[in-house]
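J.: For reference, the chains in residue letters:
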Amino acid sequence: MNRRIWASLSLIGVVAMLLTACGPTPTPQEVKVTVPVPVEVTRVITPAPTAPVGPYEHLARAKAGEFAGTKVTIFGVYTGEDANRFSAALVPFEQATGIDVEFEGSADFETLIIVRAEAGNPPDIAQFSQPGLVKKFAEDGKLVPLDTFMNMDQLKKDYIQSWLDLATFNGHLYGIFYRAATKSIVWYPTPQFQEAGYAIPKTWDELVALMDKMVANGHTPWCIPAEHGGGTGWVITDWVEDVLLRTAPPEIYDQWVKHEIPFNHPEIEEAMGYVAQIMFNEKYVYGGRQGILTTFVGQTAELFPTETEGPRCWMMKQAGWIPAFFPEGKKAGVDASFFYFPPIEEKYGKPVLGGGDPIGMFNDRPEVRAVMEYLATPEGAEVWVKTGGFISPNRSVPLEWYTNEMDRLQGEILKNADVFRFDASDMMPPEVGTGTFWKGMVDWLAGRKDTKTVLQEIEASWPK
Amino acid sequence: MDITYRRAIWQWGGSLLLTVVAFFVLRWCFQFIRNDESPRLLAALVALAVGVLGIWLVYWLSNQWISSIPFTSLREALTPLVFIAPAFLLLGTYLLYPALNTIYISFFDARSKNFVGLANYRFVFTDSDVHIAFRNNAMWMVIVTSVAVSAGLLIAVLVNRIRLESIAKSFIFLPMAISAVGASVIWRFVYAWQPPGRPQIGLLNAVVTALGGDPVAWYLYPPWNNLALMAIMIWMVTGFCMTIFSAAVKNVPDELVEAARIDGAKEFQVFFYVTIPYIRGVIITVSTTVLIMVLKVFDIVYVMTRGHYDTQVIANRMYLEMYRFAHFGRGSALAVLLFLAIVPAMIVNLRNLRRVETER
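Chain order of the listed sequences is A and B. In terms of my numbering, the first sequence is residues 280 to 743. In terms of my numbering, the second sequence is residues 18 to 377.
There's no promise every hint is true.
Partner residues aside, some chain A positions facing chain B, computed with beta carbon under 7 Å [what the hints assert, rightly or not]:
#, residue
1, 390
2, 569
3, 709
4, 713
5, 714
DSSO-like, lysine-lysine: derived pairs with alpha carbons at most 30 Å apart [what the hints assert, rightly or not]:
#, chain 1, residue 1, chain 2, residue 2
6, A, 562, A, 596
7, B, 130, A, 743
8, B, 130, A, 415
9, B, 186, A, 421
10, A, 537, A, 665
11, B, 130, A, 537
12, A, 610, A, 481
13, B, 186, B, 313
14, A, 626, A, 731
15, A, 436, A, 421
16, A, 629, A, 596
17, A, 728, A, 462
Hints are computed from structural coordinates only; laboratory data are not their basis. Everything numeric in this text was worked out from a predicted model, so none of it was measured. In this text, a Cβ means the ideal position worked out from N, Cα and C, and glycines have one as well.
Working from the sequences, and respecting the hints, build out all of it.
T.: Okay, structure coming up:
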């Protein structure tokens, strides 16, 4: 009898051990980034000023050493090289304040942040890739309104109103845009382009003429790699949005985003017509529509010549981050450069479609406030701007900081834009923006549904 | 009399004191584990100690309390309940409560705030993408289960006769050791597509072009792309079926087979009239287990197509609703339907298990 009790007790013990062993392990998908700080980065670090000054209260107090020894966690979408560079941009802050800022990035950020916020275990700061989630958490009351403690006058000086508006919900500011991107650019292999005698198109007609000239030369004009796992579809929605800004007034675009006009408004159908003119033409696109749907977004090798052949395609419309995916040894500005995606109807000027990464705050502690303020200053972007591959929406970031031509040119395009609009699919409700809109475009391109049907289905899916 | 009386008091007092001490110690330990500041390794060790010793302590203490009850009948009635309670608590917290809560929030809106009645179910039954998911799940259920189970059985019977049995079985079992995500990544390479005239890096298209055909984008075109995805699951599950069938086939008494042969039965007759009836219970168990695995299919679709091109399945759609669209109501409604679909398979499985056990 006694022995049986002991046996059952030890069995219980083993089960308990198994249970607890399952307990405290960290979420497996999160990738912890160790930061090898590049040597050149440490050189640009300016020593902390001895007397705490500056427009932001908590940042000044932090620099005076008030919060030394505390820890702030940031969770976000930056992974790989981006994560290293973001962490490097935080190093001057850590050195000046003694606050330990820990960044974790995950490709599954958008899933994990919902889980963590719902479980009551959010990071101090979240680095988002679009305003949609900021809106959700702001409305759920999980994010801290930034206008309660930040110097709004300074913010208004540093950022144009549209960036602030994008992160303002119910009259409060919930996010700071840390990184900007322009999507209205077309990459091309510079030396080969010149050799072949191709001129950079300034208008849509010139673009079409250029494409036909390429086809006549036996070249394939476009590579449109769009396969991105569950994200497949956004490359095509970007095309539609970029064209829409060129064929319709920006007000239509805004109304379309807010669903004040139906999703299948005739203007949208017209924009898709322009996109189809390129994408549905097997001669214009490398691999045709199958190529678009099965080639990974970051596949850029076809744009460059190999030892045996020239470029397999001559243009790729993709945002400013694409050089990170260039093959080994190919450099932006040398092997490939970009031109502005030409306007279609003259009266709508030079519109720019872009995106940006907002940063929001979940936990309100003074040291967290200091980090938020640091990231809102030009100083917070300095290291990354100087290492390259980064465009700051902060107006006070001097253009000289950009060490490469590519970044500066994008900064200029952003500055010279007649109209700047945020990626529409990122602003729509997620069940449309990342759901039916993506899926609809994929179905449309796969030839399963015609333009009218697809637009109608997306319209029907809009949450009431 | 006096002595037993005093002992009872000591026992009571001791138990009471120990219970209070145990409560505070355990509470402190939980706070220590939960605290983000405490060192990870130490927290893990404390968790381990609490898990083993703490549970033991709880059982020991409750045993103390129970055994101090003077009425024998009450004591004997309570003892099993006390010992079974923790298991029920765990099951309740991690299984029953989430299940009931899922059903509950399936009647609420996206953020689980307002009651919406059957609206989520109405959506689920009218949305065309979900219809495709239902259709695909049914297809997966029929095709994967039947192919995997029959292939597993066939291989088990065949390899039973050869000398290199264990090596052959190892190779077929190997995919089982790979995670579904890993397997899907491998198959992505098998199905990879390059434009005609380019070197094909995908195995299947390399074969197709070598034979003079045009490369095919395998997972782009319905309904065949569904079969391409099912092939992955079949590849993974067949090994599992084979292993269990192999053990069952070896269990068929030689006397029975010999007797059938003497009576003039041919190989096929032995297989269909002796082996299969003898291992019927195992076949039902394996089939229902595979069926449940198939109904829950998620990772393969998530990695390969994430439901584009008419390859949607219920679990993937549920994931999209929960985590991409943050619509907890619809996600839960889909979860409930998936649960309802699995229940019959589970009942058959359990019944069969019970029958096999009573037969023993």
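J.: Confirm or reject each hint.
T.: Comparing the hints with the structure gives:
no. : hint          : in the structure
1   : 390           : 4 Å, holds
2   : 569           : 5 Å, holds
3   : 709           : 5 Å, holds
4   : 713           : 6 Å, holds
5   : 714           : 6 Å, holds
6   : A:562 - A:596 : 17 Å, holds
7   : B:130 - A:743 : 16 Å, holds
8   : B:130 - A:415 : 14 Å, holds
9   : B:186 - A:421 : 54 Å, violated
10  : A:537 - A:665 : 37 Å, violated
11  : B:130 - A:537 : 23 Å, holds
12  : A:610 - A:481 : 24 Å, holds
13  : B:186 - B:313 : 26 Å, holds
14  : A:626 - A:731 : 27 Å, holds
15  : A:436 - A:421 : 27 Å, holds
16  : A:629 - A:596 : 16 Å, holds
17  : A:728 - A:462 : 27 Å, holds
Consistency with the previously given hints fails for numbers 9, 10, ordered from lowest to highest.
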